[in-house]
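**Student:** Sequence:
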Amino acid sequence: MLDTPPVPAGPIDIVRTQSLTTLVQRELERLILAGEIKPGERINEQHVAQRLRVSRGPVREALRGLERAGLVEARVNRGVYVREVSVEQALELYEMRGLITGFACARLAAASTAEQRAELAALVERMERAAVDGDQALYYAINLEFHDRLMQFAGNARAKAMYDALVKESHLCRRRSLFTPRNMAESNAEHAAILDAIRRGDVEAARRVGEEHIVAGRRRFLDAVAATGAG
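Each residue of the sequence shown is one higher than the one before, starting from 32 at the first, in the numbering used here.
One or more hints might be untrue.
[Claimed, not checked] Each computed EDC-like pair below joins lysine to aspartate or glutamate, with the alpha-carbon atoms no more than 20 Å apart: (1) K199 / E146; (2) K69 / E242; (3) K69 / E200; (4) K191 / E126.
[Unchecked claim] With beta-carbon atoms standing in for the labels, derived distance ranges: (5) E104 / A223: 48 to 58 Å; (6) A223 / A257: 25 to 35 Å; (7) T144 / G88: 42 to 52 Å.
Please keep in mind that the hints were generated in silico from the structure rather than gathered at the bench.
All residues carry an ideal CB built from backbone N, CA and C; glycine is no exception.
With the sequences and hints as input, model every part of the structure.
**Tutor:** And the structure:
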C-alpha cells in the first residue's frame, strides 16, 4: 500500500499559523516590555510553548520576529536571550527619538485639532497626579501613551513606525531613569512645555522643546546609570 503523500498547507492553515505566531510574539513582547522577562534572561522555547499551550513552531517564529525588532538575540549554541542594551546603544536610541519627537511636535504645532490638544492636556494632568502620588508604574504607562499620541496625531505613519521600534528597544533600559519623584515632575513639566508650544502654534518652539525633552531624558538616564554604577 502506497503511503499517502503529505497534504500541502492550505490558506486557512497558513493564516492560522501566522495568526498564532503573531499572538505568541505579542505576548512575549508584553512580558519583555513589562519586565517580567528581564534583559539577559534566556527564553526557553519549550517552557514558552507549554505556558501558552502552543507548539514550538509558532514560538520559534515569534522569537525570530522579536530578534528583528531588536528585543532578543540568538546566541550560537546557547539559545535566545532578551537583549541587554548597553549605555552607548541607549544613548543612540535617545538621539534618534529626539529627532523624531521634535519632528512630530513641529507638525502638531502647525496643524492640530482642539480634540487632540485636549487629549494631550488630559494625559499631562494624569501624569501630574501620578507624580504627586509617587505612582511610578502609572506615570510610566501614561508617559508612553502621551508620546504615542504625539506620534499618532502628527500623522506621519513612517515616522511613527520608526519611533515605535526605537521605543521598544528603549524599554530594555529606560524605566529606571523615571523612577524618582523629582524626575517625574521634571519630565512632566517638559510635557507641559510641549503642549504649550503646540497650543500656540509655534512650530520652531515645539520642535525645540520636543527635542530638549528627549535630551533631558537622556541626561536623567545617565544620572541613573551613574547612581547605580551600571554600565
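**Student:** Now, for every hint given, state plainly whether the structure supports it.
**Tutor:** These are the hints, each one checked on the structure:
no.	hint	in the structure
1	K199 / E146	violated (27 Å)
2	K69 / E242	violated (29 Å)
3	K69 / E200	holds (13 Å)
4	K191 / E126	holds (16 Å)
5	E104 / A223: 48 to 58 Å	violated (38 Å)
6	A223 / A257: 25 to 35 Å	holds (27 Å)
7	T144 / G88: 42 to 52 Å	holds (45 Å)
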